[in-house]
Amino acid sequence: MSGDPKLERIAKGNALALCATGTWTASFAPVLERMVADAEKLAGTPQSIFIDVSEVAKLDTFGAWLIERLRRSLTQGAVEAQIAGLSANYSSLVDEVRRVRGAAVVDSDPITISGMLEQIGRTVAGVAGTVAGLVDMLGAVLAAWFRVLIHPRSFRLTSTVHHMEQVCWRAVPIIVLITFLIGCIIAQQGIFHFRRFGADIFVVDMLGVLVLREIGVLLVAIMVAGRSGSAYTAELGSMKMREEIDALRTMGFDPIEVLVLPRMMALVLALPILAFLGAMAALYGGGLVAWLYGGVQPEAFLLRLRDAISIDHFIVGIVKAPVMAAVIGIVACVEGLAVQGSAESLGQHTTASVVKGIFFVIVMDGIFAIFFASIGM
Amino acid sequence: MARETQSEIQDPIIRVRDITVQFGSTRVLDGLNLDVKRGEILGFVGPSGAGKSVLTRTIIGLVPKVAGSIEVFGVDLDSSSASQRRNVERRWGVLFQQGALFSSLTVRQNIQFPMREYLRVSQRLMDEITMAKLTMVGLKPEVAERFPSELSGGMIKRVALARALSLDPDLVFLDEPTSGLDPIGAGDFDELVRTLQRTLGLTVFMVTHDLDSLYTACDRIAVLGNGKIIAAGSIADMQASQHPWLRQYFHGKRARAVMG
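Sequence order for the protein chains is R and X.
full-length UniProt numbering numbers the first residue of the first sequence as 1 and each following residue consecutively.
full-length UniProt numbering numbers the first residue of the second sequence as 1 and each following residue consecutively.
One chain only, chain R, in its complex shape:
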C-alpha cells in the first residue's frame, strides 16, 4: 500500500482521470513536484477531470498542496477538476489547503544605476547623521555629568567600579604583553638599521620619543576600542533588543545616566592608566632588546633615556588618552543604542563601533599632532 508515490493516467472515455498512489509526503516532495508538473501539461478538452486519491497511503501538507495545485491547473474554463476517493482522515487537510491563495510573487529590487547612485547619496548623507549622532551623545553625556556634579549621590559608583574592573584591570595583562612586544620590535628594528651608521645608541631616543608620544597611547587606544568599545556596543545593543532600555526609561531613569555615564567614566579613567602601563612595558621591552641584542647596558640606556626625553613627551602622550577614551566610549554607546531588533543589526553595529572608534582615534591623534607641533611641544 505504501511506497514510492505515483501518478498515473487512466483512460476513461472522454474523462481525464489521474490516479495517485503511494506516500505523498514531504520526504518525496521533489519526486511529487516533478510528477505534478508533468501531469499539469496533459492537454485536451476532456468533459470531466478526476484526481483519484483513494490509493494514497499517506498524505501531508506537501502532498495535499501538490494535489490541490494539480487540481487548480487542470481546471480550465467550465470543466472543474474533482478530487475523488478522499478518505475521511485527510479531508480536513485538503479543505485546509484549498483555502490557500497562490504564493505571492516576491519581487526583489533590480539593480539599476539610479538605485546605486541613490545608495551612494544615502551613505554620504549618513555620514552627516553619524557626526550629528556623536555630538548629540556628547551633549547628553555632558548634561548627565553636570546633573551628577550637582547631585553627587546619583552617581553610580558601583557600576563605574565594575566597568573599571572590566575595561582596566582585566585588560592589563594583554595590553602589557602587546606593548612589551611592540617595544621589543621597535628597538630591534632601530638597532638593526642604526648600526650601519654606528648610531646604535640613538635607538634609545627613537624608542623613548615614539613610545611616549605616539605608540603607547595610540596602540592602547586601538586595543581598547576593539576590546571594550565592542563590548559596550554589544551590551547596550542586546539591552536595547530586549527592551531593557525602554524599561529603564519608563521607571523614570535616564539611560544615559544609568548606563552610558558609568561606562564613559570607567573608560576615561582607564585609558590613561593603561596608556601609562603600556608605555612602561614598551620601554622595558625596548630596553631589554637593546641590552640583549644591541649590547646597550641598562645603565647606559637609562642615562641616554633621561637626556633624550623630557616630561613634555610624557604629557603629550598621556593628555591624549582621556580624549581618545571619550571618543571610543561615545562611538560605542551611540552604536549600541542604535541597534534594531535583529541579531544581524547587533553584529553590524558592533563592527561599526570598532571601525569608527579606531578611525576617530587616529583622526584625533592627527589633530593632536598638529596642535602640539604648533605650540612647540
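Hints in this document: simulated from the structure, not taken from any laboratory.
Misleading hints may appear alongside valid ones.
Said to hold, decoys possible - Distance condition first, Cα-Cα at most 30 Å in a straight line; then the derived DSSO-like pairs of lysine-lysine:
#1 Lys-58/R <-> Lys-140/X
#2 Lys-37/X <-> Lys-58/R
#3 Lys-58/R <-> Lys-6/R
From a predicted model like this one, the values you see are computed outputs, not experimental measurements.
Position chain X against the provided structure of chain R, taking the given hints into account.
Showing chain X alone in chain R's frame:
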C-alpha cells in the same frame, strides 16, 4: 515502512524511562518516567521551576541527562547513529517559549529554513507551502515579508508554530505556547493546536500553565513535582486527585473561574 507504522501505533511515540537530570548538586529530574501516546495532546503542568522546560529540553537533546533512556519514534536517542537521529529530528518540530525565530530572516525565510536544509524542492513549492502554513496558523500572506521584530507577540507564536510545522512533523513540542497571549488569543491558539492536531494527525507535547488550555486542548495531563510525574490522566482524574498541589491547582479560584 508499513511494519514500522504498525508497531508505532502500539508503542508510545515518546518513551522516557528513569531520567535523572542534575545541575551541579541540584537534582531537577529524579528517575522520571513518561509515555506520550501517538495522536494525543499531552498537557504537561507543574509548579514554576519544577523542571517542565528541563524535561522538554532533555527529550529534544538540549540538556544532558545523568541517567535514564529516551526513545522517540522507537529510536533510542543515546544509542542511535547520527543519521537515525537526524531522521528523528526531521520528524519533530519545536515551538520555543520566546518563539526563537531567526531575527535576521523574514517570516518566509524562517519557515523555509528547515525545508531548504532537508528537502530539495523548487522555490515555487516552498513559497506555496509557506503560504499554506501561514494560512493554517491563521496569518495573512502579507506577514511573510516581515521581520520577527515587526511582529506582535501572538504573531511570533504563530509564525514559530508555522516553522515548527514546516516539515510536517509527526510530533511537536510546545513550550508554553499561550504564555504572553491575551485570553482570546490564547483561546484561538488552543483551538488552532486542536485543529492542526486533527488535520495533520500530530502528537502534541505541550508544557503549559494555562488552565484553559488544559480544559479545551489536552487529551491527557501529566503533572510534574519533586522531579517525578506525580499524576497522569484525564482532566477528571486530576480533579479527583487528593494530591495537595493538584487540589490547589484544579480547585483554586482560577480553576473554578475556568470551569465556571
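Quiz item: Which of the numbered hints are not met once you compare them with the structure shown?
Solution: Nothing - there is no hint that the structure violates, so all of them hold.
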